[in-house]
Amino acid sequence: GQQVMQIPQYQHVQEGEDFTTYCNSSTTLSNIQWYKQRPGGHPVFLIQLVKSGEVKKQKRLTFQFGEAKKNSSLHITATQTTDVGTYFCAAPYGNNRLAFGKGNQVVVIP
Amino acid sequence: SQTIHQWPATLVQPVGSPLSLECTVEGTSNPNLYWYRQAAGRGLQLLFYSVGIGQISSEVPQNLSASRPQDRQFILSSKKLLLSDSGFYLCAWDIGTGGTETQYFGPGTRLLVL
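Those protein sequence lines, which keep their order, are chains F and X. Note that the first sequence covers residues 1 to 110 in my numbering. Note that the second sequence covers residues 1 to 114 in my numbering.
So that you can see chain F by itself, here it is in the shape it has in the complex:
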C-alpha cells in the first residue's frame, strides 16, 4: 500500500529558530495533507496540497508540494512554544484510505 516517509522523526528546536520537516513518497501522489497533533491531543488538519509545485502559507507555516508530486515539506519560521507537537503528512491510497507518515515530533526549547 501507499507509504509516506517523514524525516526527521524527532527535532529539538530553539525558540525563535526556523525548522523544516519533510515527507517523501516513492509514487506520485494525488494530494498531500498535513496534520498537527499537540501532546495529549488528537490530530488536527492543517492543509491540503493538490497541484504540482504548490506553495501555501499559514502565518509562519509554509507548505510545499514537489514538482513531481512525490514529496512535500513544512517550514516553520520563528518557532514558538505553541509549535510543539507531532506533525504528520498523509496521502490517499486505495479506496477511502489515508496513509499517515510516522510523524515528526517537535520539541521547542525556550
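Everything labelled a hint here was simulated from the structure, so no lab data went into it. On a predicted model such as this, the values are computed, not experimentally measured, just so you know. Heads up, the beta-carbon is just placed ideally off N, CA and C, and yes, glycines get one too. Please note that a few of the clues may not be correct.
What the hints assert, rightly or not - Take a look, some chain X residues computed to stay more than 10 Å from chain F by CB distance:
(1) Ser17
(2) Ser20
(3) Asp85
(4) Leu90
Unchecked claim - Computed footprint of chain F on chain X; a stretch qualifies when at least three of its residues, placed anywhere within it, have a C-beta under 8 Å from a C-beta of chain F:
(5) 37-51
(6) 104-113
Chain F is fixed; fit chain X onto it per the hints.
Showing chain X alone in chain F's frame:
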C-alpha cells in the same frame, strides 16, 4: 457544524476482558468512518474503515472488530483484550471519496490493558 464524540476518554482493562469503544458523529450524513490506533509516541495505524451502515473493511488482522449499526455510529470491540491492545484509539470521519478530503478526528480513547 459537525462534531465527533468518543467515549470513554480513558479506560483501564485487565487482559482477557471485553472492549467496546464508541464513536458518534453529528452534523453530517453518510460519512466515511475510521478507527486508528496510535502506540505511544508513534504514528497512526488504520484499523478499520466504513463507507456505510454495515460495511466494514479491516486493514490488519488483529484481536479487534468494528461495527457500524447506524449511519453516524462506529463501534470498536474486542472479546478478549491483549496487552498489545494498549494504545490511543482515534475515530475519524470524512465525506465523499475517502482519502481526498480532510479527516476530522475525535478526542480519542486511551486504553491501558494490564
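Okay, the hints, checked on the actual structure:
{"no.": "1", "hint": "Ser17", "in the structure": "holds (25 Å)"}
{"no.": "2", "hint": "Ser20", "in the structure": "holds (20 Å)"}
{"no.": "3", "hint": "Asp85", "in the structure": "holds (19 Å)"}
{"no.": "4", "hint": "Leu90", "in the structure": "violated (6 Å)"}
{"no.": "5", "hint": "37-51", "in the structure": "holds (count 7)"}
{"no.": "6", "hint": "104-113", "in the structure": "holds (count 5)"}
Of the numbered hints given earlier, the model fails hint 4 alone.
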